[in-house]
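Engineer: From first to last, the protein sequence lines are chains G and Y. Under our numbering, the first residue of the first sequence is numbered 460, with each subsequent residue one higher. Under our numbering, the first residue of the second sequence is numbered 40, with each subsequent residue one higher.
Note that these hints are calculated values from the structure, not bench results. All figures in this text were calculated on a predicted structure; none of them were measured in a lab. Just to be clear, a hint being listed does not mean it is correct.
Reference listing, derived: stretches of chain Y covered by chain G, where coverage requires no fewer than 3 residues with Cβ under 8 Å from a Cβ of chain G [what the hints assert, rightly or not]:
id : stretch
1  : 94–107
2  : 114–120
3  : 182–195
The calculated lysine-lysine pairs, modelled on DSS-like cross-linking and capped at a C-alpha distance of 30 Å, are [unchecked claim]:
id : chain 1 : residue 1 : chain 2 : residue 2
4  : Y       : 174       : Y       : 207
5  : Y       : 75        : Y       : 150
6  : Y       : 174       : Y       : 71
7  : Y       : 207       : Y       : 219
8  : Y       : 219       : Y       : 113
9  : Y       : 174       : Y       : 113
10 : G       : 850       : Y       : 174
11 : Y       : 113       : G       : 850
12 : G       : 714       : G       : 546
13 : G       : 850       : Y       : 207
14 : G       : 777       : G       : 714
15 : Y       : 75        : G       : 777
We treat Cβ as the ideally placed atom computed from N, Cα and C, and that holds for glycine.
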Amino acid sequence: MVGVQSIPSPAITADERSHEVDHPSSHVAQFGSEQPLRLDCGVDLSPFQIAYQTYGELNADRSNAILICHALTGDQHVANVHPVTGKPGWWETLVGPGRPLDPNEYFIICSNVIGGCMGSTGPASINPATGKVWGLDFPVITIPDMVRAQAMLIDRLGIDTLFAVVGGSMGGMQVLQWTAAYPSRVFSALAIACSTRHSAQNIAFHELGRQAVMADPDWHHGGYADRGIHPHRGLAVARMAAHITYLSDAALHRKFGRRMQDRELPTFSFDADFQVESYLRYQGSSFVERFDANSYLYLTRAMDYFDIAADHGGVLAKAFAGIQTRFCVVSFTSDWLFPTSESRALVHALNASSARVSFAEIETDRGHDAFLLDVPEFLDISRAFLQSAGKARGLTANNA
Amino acid sequence: MSVQEALPLGGLATGQPGDFRADHVLVANMVKPGSKVLDVGCGEGDLLQLLETRGVDGRGIELSREGVNRCVAKGLAVVQGDADTDLVNYPDDAFDYVILSQTLQATRQPKVVLENLLRIGRRAIVSFPNFGFWKMRLQLLIGGHMPRTENLPASWYDTANIHFCTIKDFVELCDAIDVKMERAEALDLYGRPLRLRMPWWVWNLFGEQGVFLLTRGGRT
């Protein structure tokens, strides 16, 4: 019989994960029935909550706040140890003392997006109307919905204008949505490895991931939570496929080549003979420990629907007409998920809007994921952009 | 290609504060303080930095990644792009001045680029090396080979400069597409401006580079 190794069950139980869903180990802003979140789908979400982290201090004139928008599978734990995985924050290359986003200089905020599963209301949360997990009864959300919720959080924190909104990938989409929806509230915007619309190829990859989740017999049409199970196999497969799109062929080849895992010869089975296979299986299984399958469906859908130009009569420049925000757009040469051409289209639109925009393409073979990695050129540009924007904003180091 | 690649002007240091290039100082002097400027082919942003010290709201386009990254690192608003293909994306009258400093000769379509400059900007400032310069003429006449100078050191087969012209040629092009010359300067080999009253043929012979402030002509 041919040997088969399947994806192992997650080390963490569904209960442990669901604790972070409703009782996150970070700040939570509650919004009651008097403050519903008006969703693009026409539903008023209420009550709801947003989980968030902050780093550093808000200065006296409230001018040094930076909002970080996380990517598809990120969360608010941008620069602290993750409560579920025990791993460092996902953007410690960019955020931290001595880093471009230094908490000694800025008041840094990062919230879990609406629809997420680390403390902000989403499909894994309890529906107060039924006392049960929302599941597929949760309304479909969009990137503008996420940003609308963030704006309510920023209001709650008493901040009128954000010094900067920063994000990569889905986070970059939120950055652009922030500038289009609240131009006067964003002094500067750093949009990394992103686009103003999700491409057909990207939608296709997301559909592959969603179908993998929905094909898992444990999914139960989204009702797995009531049964105390999690469609971890389907979600792991979705993550594996997505992970490939975050890398590049060159990076995979450099890292793994065709090297075997703990063996000299092939086993003539479907075991993970190759290092790249066991790497992907590890990525898939560690992801399911911290992420909810339905949340993955909702967030990928939000990205698919994103198209700023469509919301402005098909003319992208109209979205940014007369905007005063200072932009920095960054792309990476080997990113095939959000290629440079997409960033260039954005820059053209910003130029047409007469916006103050910088644009740089960073040469790297590390693919889309480069924005999360220690790529010195990218970090230097981020630092320089924020410093020059800080000068224009009248910020001084250490809020002196 | 970056300006530096196209034309290393190492010999033109002026000894001024910040050691700005002579042609940059001349160009900057043509720009009204407080205006909005696009520098096409801005290299590493030296001219933009000089303009910023004069309260100019400057933007840049640069082809080379290294150049762009250095500019952004200096806090300048610079985008990676190509003068030949990207200027069409800019709306009419977007800038007070559009500057093309030592880049014209490296464009594929200098005439189209020039027309775009004066569509995007109400004024354009163009500087370029003068192929009518006596040293150039001498190299071709006596040496029988394509001219090379300290500022244009590349051989004919590996230069990024593909459309050389003389000051006279440029003036003729401006006439042909109804562009008005508001100011014209020529710099000698040492970056010193030639005396204003000299006739054109002297400029064309002794100007190492030409610097022109242009506006749209009246023809419709």
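Engineer: The structure should be examined with respect to each hint, and the outcome stated for every one.
Structural biologist: Cross-check of the supplied hints:
1. A count of 4 residues in the stretch 94–107 of chain Y with a Cβ less than 8 Å from any Cβ of chain G is obtained; the coverage claim is therefore met, three being the minimum.
2. Coverage of the stretch 114–120 of chain Y by chain G holds [criterion: at least 3 residues with CB-CB distance below 8 Å; count 7].
3. Coverage of the stretch 182–195 of chain Y by chain G is violated in this model, with 0 residues showing a Cβ closer than 8 Å to a Cβ of that chain against a need of three.
4. Using a Cα cut-off of 30 Å, the hinted pair residue 174 of chain Y and residue 207 of chain Y holds, with the two alpha carbons roughly 16 Å apart.
5. For the hint linking residue 75 of chain Y to residue 150 of chain Y, the alpha-carbon distance of about 23 Å falls within 30 Å, and the restraint holds.
6. Restraint check for residue 174 of chain Y and residue 71 of chain Y: not satisfied, since their Cα atoms lie roughly 34 Å apart, outside the 30 Å limit.
7. A hinted pair counts as satisfied when its Cα atoms are at most 30 Å apart, and residue 207 of chain Y with residue 219 of chain Y qualifies at roughly 14 Å.
8. Between residue 219 of chain Y and residue 113 of chain Y the alpha-carbon distance is near 34 Å, which puts this suggested pair outside the 30 Å criterion.
9. Restraint check for residue 174 of chain Y and residue 113 of chain Y: not satisfied, since their Cα atoms lie roughly 37 Å apart, outside the 30 Å limit.
10. Restraint check: the Cα-Cα separation between residue 850 of chain G and residue 174 of chain Y comes to about 47 Å, which exceeds 30 Å; the hinted pair is violated.
11. Distance restraint check for residue 113 of chain Y and residue 850 of chain G: the Cα-Cα separation of roughly 12 Å lies within the 30 Å cut-off, and the hinted pair is therefore satisfied.
12. Proposed proximity of residue 714 of chain G and residue 546 of chain G is supported: the alpha carbons are some 21 Å apart, at most 30 Å.
13. Taking the CA atoms of residue 850 of chain G and residue 207 of chain Y, the gap is about 45 Å. The hint is violated against a cut of 30 Å.
14. For the proposed pair residue 777 of chain G and residue 714 of chain G, the alpha carbon gap of about 43 Å is over 30 Å, so the pair is violated.
15. A threshold of 30 Å between alpha carbons decides the hint, and for residue 75 of chain Y with residue 777 of chain G the separation of about 21 Å falls inside it, so the pair holds.
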